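Enquirer: Given next are the chains, with one letter for each unit.
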Amino acid sequence: MSVLAAEVSREVALGLHRQMLAIRRFEERVYTLYLEGEIPGTLHQCQGQEAVAAGVCANLAKTDWITSTHRPHGHALAKGVSMRSAMAELYGKVTGCCRGKGGSMHLGDPAVGMLPAIAIVGGGNTVVTGLGLSFKLRKTGQVAVCFFGEGASNEGAFHEGLNFAAVKQLPIVFVCENNLYGASTSFDQVSLVPNVADRASAYGVEASTADGMDALAVYDAARVAIDKARSGRGPILLECKTYRFIGHSRGDARGYRSKAEEAEWLAKDPIPRIERDIVRMGLGTEADIDELRRSVEDELEDAILFSRESPLPQVSDAMEDVYA
Amino acid sequence: MSVLAAEVSREVALGLHRQMLAIRRFEERVYTLYLEGEIPGTLHQCQGQEAVAAGVCANLAKTDWITSTHRPHGHALAKGVSMRSAMAELYGKVTGCCRGKGGSMHLGDPAVGMLPAIAIVGGGNTVVTGLGLSFKLRKTGQVAVCFFGEGASNEGAFHEGLNFAAVKQLPIVFVCENNLYGASTSFDQVSLVPNVADRASAYGVEASTADGMDALAVYDAARVAIDKARSGRGPILLECKTYRFIGHSRGDARGYRSKAEEAEWLAKDPIPRIERDIVRMGLGTEADIDELRRSVEDELEDAILFSRESPLPQVSDAMEDVYA
Amino acid sequence: MPSVAPTERKISIAEALREGIAEEMRRDPSVFLIGEDIGVPGGFGGAFGVYLGLPEEFGRERIIDTPISEKAIAGAALGAALMGMRPIADMQYSDFLFECMDEMVNQAAKMRYMSGGKLKAPMVMRAPVGATQRGAQHGQCPESYFCHVPGIKVVCVSDAYHAKGLIKSAVRDDNPVLVFEHKMLYGSKGRQMAGGMDLTCHVPAEEYTFPIGKAVVKRQGADLTIVATHICLYRALAAAEALAADGIDCEIIDPLTLVPLDTETIWTSVRKTGRLMIVHEDTLTGGWGAEIAALAAEHCIYSLKGPIKRVAAMDAPVPCSPILEEAVIPSQARIAAAIRDQMNQ
Amino acid sequence: MPSVAPTERKISIAEALREGIAEEMRRDPSVFLIGEDIGVPGGFGGAFGVYLGLPEEFGRERIIDTPISEKAIAGAALGAALMGMRPIADMQYSDFLFECMDEMVNQAAKMRYMSGGKLKAPMVMRAPVGATQRGAQHGQCPESYFCHVPGIKVVCVSDAYHAKGLIKSAVRDDNPVLVFEHKMLYGSKGRQMAGGMDLTCHVPAEEYTFPIGKAVVKRQGADLTIVATHICLYRALAAAEALAADGIDCEIIDPLTLVPLDTETIWTSVRKTGRLMIVHEDTLTGGWGAEIAALAAEHCIYSLKGPIKRVAAMDAPVPCSPILEEAVIPSQARIAAAIRDQMNQ
Ligand SMILES: Cc1ncc(C[n+]2csc(CCOP(=O)(O)OP(=O)(O)O)c2C)c(N)n1
Ligand SMILES: Cc1ncc(C[n+]2csc(CCOP(=O)(O)OP(=O)(O)O)c2C)c(N)n1
Ligand SMILES: [Mg+2]
Ligand SMILES: [Mg+2]
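If you're matching them up, the sequences are chains X, F, B and E in order. Just so we're aligned, residue 154 is where the first sequence starts under our numbering, counting upward by one. Just so we're aligned, residue 154 is where the second sequence starts under our numbering, counting upward by one. Just so we're aligned, residue -14 is where the third sequence starts under our numbering, counting upward by one. Just so we're aligned, residue -14 is where the fourth sequence starts under our numbering, counting upward by one.
Hint data in this document are derived by calculation from the structure and do not stem from the laboratory. In this text the structure is predicted, and so the values were computed from the model without any measurement. The beta carbon of each residue, even a glycine, is placed where N, CA and C say it ideally should be. Check the hints yourself; a few may be wrong.
With a straight-line cut-off of 30 Å between C-alpha atoms, the simulated DSSO-like cross-links for lysine-lysine are [stated by the list, open to error]: (1) B/Lys105 <-> X/Lys215; (2) X/Lys215 <-> X/Lys292; (3) E/Lys290 <-> B/Lys257; (4) E/Lys105 <-> F/Lys292; (5) E/Lys(-5) <-> E/Lys290; (6) B/Lys257 <-> B/Lys103; (7) F/Lys215 <-> E/Lys103; (8) E/Lys(-5) <-> B/Lys290; (9) X/Lys292 <-> B/Lys105; (10) X/Lys215 <-> B/Lys103; (11) F/Lys292 <-> F/Lys421; (12) B/Lys105 <-> B/Lys257; (13) F/Lys292 <-> E/Lys103; (14) E/Lys105 <-> F/Lys215.
From chain E, some residues computed to sit far from chain B (all C-beta separations above 12 Å) [what the hints assert, rightly or not]: (15) Leu37; (16) Gly38; (17) Gln118; (18) Pro304; (19) Ile308; (20) Gln327.
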């Protein structure tokens, strides 16, 4: 069980659970739909990493913003992109959150404070500084969160973005989802320091870490980080150690990592974990959890139906939106 | 007087002195020649920083390589580019080290182990990794030195280059000439950490520092760093605190820094300093120093004469060397 | 077009840009500047002095000095633009744009489209071009690369009147606009650098804008249409004056905006003269002159009396030695020779 | 040209590249590979499997996996090339080249020139192009940007025979060579992805090279010259077959190298047919088709019977939804319609 700085309410705990479940089930169904040929393109999914998206975004207001990566489904749902508009986007439908133009790697919606996800590794790490800069210049009290992988911390963009945010003391939380691998490459092959958080001191930036398989721990650490950023005390780097239960993208046989390692991490699955925590902490019952499950399934089926029935974009849409 | 790890020979001390004097006098004369309209283009000069170029390069073999920056005159002379071919390059003559195609910002000569200097800030920091990589793959025992400014440490290239070199354990010494300013911008405005060396730990790289106004100290620190790199124990970052006595480029009135600061650093001039050290350590006499001065002046006058009398490139040369 | 009244107020491009920027900053609090060495007290006011005096009026909160981090500059400008601000970002030399191509090409140009039209990115990026004896990494004219990026607009300013009008339009435009300015034309160094040319022109003190996407005819002529920008425009004008004595009558167009291109003005001229030449300091192969030539070869082919010619920098890096630099970039003599040649074909 | 003997040995582009690379690595110890996820045991063998099996033969010292650091990849390749090695660097998707434009454009392309010819930079950069329903940042064809960089050679491979011959020539070339390959043509996914096309062709097992700078005529014809690369080449060929029934006889050229361009082969054809069309999946404005059109409008204008046409991706980022993606990139139908149109002008 997590050691938390503050008490967690029933609402928060059940909210985190529902969010993680929604992401997990979304990803599972999407994968099947992809294999069945209903969803085109490719997929980078986040089963196993749900606690990070859920734990961080639960601390954000709708007016706060996030940037995301090639693996954005969980971030999108957690920040408030509806299952309908996320799913429809994967279907390439005009009702999708990017009207079919973005696709899986670019999920996002300004209406809920999420840029189209940036599929260039590290790409969000510089763009997010502009979000933070505008919040600071306009004194809006908003916060920006930049999700990125440990692999992205080797990009020049990580360096320039973090240093710029530090120097300008911008209200940004850089959230590293360290899932140990960038595609087939384990972090220890591409970094001599074991933690991305070890890099923050190079910029005079505070870093914290959280167990990325524990939604309550992430929630807690993110709350502290976001509060700090919002209060004007500059950016912070929050590293969450996590694991993707699936391949890097569809069709990755994961031959580069051991079954033993996978089993070890599967045992840390954040969803059963929070279920146990909720019951143990007396924040909810098995019945509450069953109810959550049903409501997620309903939402998911509705989203699939909606997506199937939604119209495709018009061919003429292709040349819209190039320029404003 | 410097505290040195090893004893310094008369030869080394006088060599460092002569090298610094050569650079200083070269820069001073070049500036006059520029003002008189003999030398075209622009100039980024290194008066005040001579101890770094001299102290580092005195430890390198001709077969070792360096990369340099927009401010390369000192590095070029110290690595062995002749005054004649450096000066002729500034004159735009075909006898220049780059046959007139490079100019002030691109001085270099493969014959002495120096790439054409790279005038994109941070540009050398990635390219140097390929030098180190080839030395390592071919087991040649060569070392590469990458000179860069503290301002360059904010470029993505610094990050990617240093991390790559670390991960691959390449025989590279990254020498930061921290002269406190990048153009008009003082380092404390663009970094929350005071030293570039503070950034090495982010890559698991060892860092050392040296008084960049003391050629013997630089010599000593560089020797240790270069030995380490050569022995296969990976890259090292050596930071030398120094100061440019002149503007960033020709015509910079230096209004962004105080006269008091300038005076403080002028008092640390590395050339009088080594003269005092030489005499105090009994490594040479005033007469030796006078002799050095004369020989530098002779070499300089010869280089100017040579450059004046050298032919310009042919117009048809312009389209040579685009492709091999 | 600039009036030539006797009371005219002549200023340089650098001054015109400064004035246009200052007016926009006064008008709209969402406009800010971001770049290296732009606002440091006692500093340069940007690499070519365009921002001198602005920090005093607007404060350093709106004139944001950055680390040497082009990716962060472009990324910060883009991010702020997406949030509704109107940044003017600064590259000291356009050569450094290659350090932030991801932010420009993969992010800024595509963010609106990827969002399905929900976002816009009203950012300006100013970038000085041109060879000035500084060698291969400080002398490029990289505008053609950006002409190939859907989602970006590309402006080249050649005189003070249009500089002011266009920088103001660029700030108000809802898209990423790259404004390329030629170092030799800023006018801060006076006539000398530009080979005796007067680099000032009449610029109204009052508010005006000049539309992005509109070309201007700088010289009327019957025999040959020349499209030229920046310093090549002036060289073409001088060559045309010299050749007028020989009865060759050139029409010269300054496109001012390369994307979107004012094809109407150009085609009208080409249909009249039957001949087309494009002149630019960017290198020849794959330069924007190729695009204009290709468009003309599609849309005006039946009006053409002979080959379409391009005069451009030779396909080489910019060499430093002045004699070599002059050899690679289009000189007045080279332009004049090409005109003669073309009139004989 | 591939022989079509009954004993032919048909392999895919992916296999041909692998074979060519392996041969060069055996021949020359200075050849090595560098990139992301190229040699990890149990990994992918590069984003499109081209390197599978190579680490087993050559060891991971010569197949160098890197951090996700495109600047370091390009910089390391360049630096090693300057020291006399012959790196083959890998971009997983060509879209990521925008992360290392400084290394490619400011450094690799210029290092020889800046050194006054004293250095050479024999590096290869492989980069997969093409839209495959992955959206705006994984579907570009950025070859035109590099056609504008003096000092770089640009190769586009369209079949296995030339892929092997050209990758070997690229490795042996003393200049930076960018090799663009189309994701749909690798052949690893079989015919399905390429819409039923057979993606294999005869490739001799023995040693051969194919020269950089040489185009091939893929179809002889009398009425119209079409220059096309990658998947557009196959669409153009299919359109030509379909239109042959209507008596339209197209000649189709695969340029294979864009820089230096084999103008002789193209002009010979244009002078014969009097009509020129260029087809590419890179976007229209400022694409390499413009350069060929511009050159033709200079050198073949008197042979032309009508407008030069370009069929290219529309000037937009690549949209993800398949229906939109199909709309922006040149389809066989769009090419066929353009051909008909052009024959009527
Ligand atoms: C600039 C760039 N380089 C390479 C890629 C290809 N790529 C996509 S995801 C990925 C791995 C990213 O690793 P990490 O940042 O740890 O994120 P994760 O996939 O683990 O979520 C790579 C190499 C890319 N999209 N962008
Ligand atoms: C990528 C890039 N950005 C900006 C510049 C312009 N510029 C040239 S030198 C310089 C300052 C460099 O500072 P530093 O690295 O500390 O070196 P120093 O000049 O102090 O030797 C700047 C900003 C450049 N040449 N390249
Ligand atoms: Mg990862
Ligand atoms: Mg400095």
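Enquirer: Does E/Lys(-5) pair with B/Lys290 here, judged by a C-alpha cut-off of 30 Å?
Expert: Outside the cut-off at roughly 50 Å; violated.
Enquirer: Between B/Lys257 and B/Lys103, is the straight-line Cα distance small enough, at 30 Å or below?
Expert: 43 Å, violated
Enquirer: What's the verdict on F/Lys215 and E/Lys103, does the C-alpha distance respect the 30 Å limit or exceed it?
Expert: 16 Å, holds
Enquirer: Verify the proposed pairing of E/Lys(-5) with E/Lys290, using a straight-line Cα cut of 30 Å.
Expert: 40 Å, violated
Enquirer: Classify the label on E/Leu37 as holds or violated, using whether its beta-carbon is more than 12 Å from each beta-carbon of chain B.
Expert: 28 Å, holds
Enquirer: When you check the alpha-carbon spacing of E/Lys105 and F/Lys292, does it fall within 30 Å?
Expert: Between E/Lys105 and F/Lys292 the Cα gap is close to 21 Å, so the pair holds against 30 Å.
Enquirer: When you look at the beta carbon of E/Pro304, is every beta carbon of chain B farther off than 12 Å?
Expert: Given a closest Cβ separation of 7 Å, the condition is violated.
Enquirer: Holds or violated: are the alpha carbons of X/Lys215 and X/Lys292 at most 30 Å from each other?
Expert: 17 Å, holds
Enquirer: Going straight from one Cα to the other, do F/Lys292 and E/Lys103 come out at no more than 30 Å?
Expert: 24 Å, holds
Enquirer: Taking 30 Å as the top limit, are the C-alpha atoms of X/Lys215 and B/Lys103 close enough?
Expert: Holds. X/Lys215 to B/Lys103 sits at ~16 Å (cutoff 30 Å).
Enquirer: Is F/Lys292 within 30 Å of F/Lys421, Cα to Cα?
Expert: Roughly 41 Å between the alpha carbons, so the hint for F/Lys292 and F/Lys421 is violated.
Enquirer: Is the Cβ of E/Gln327 more than 12 Å away from each Cβ in chain B?
Expert: The assertion about E/Gln327 is violated, with a minimum of 10 Å to chain B.
In the structure shown, a violation is registered for the earlier hints numbered 5, 6, 8, 11, 12, 18, 20, in ascending order.
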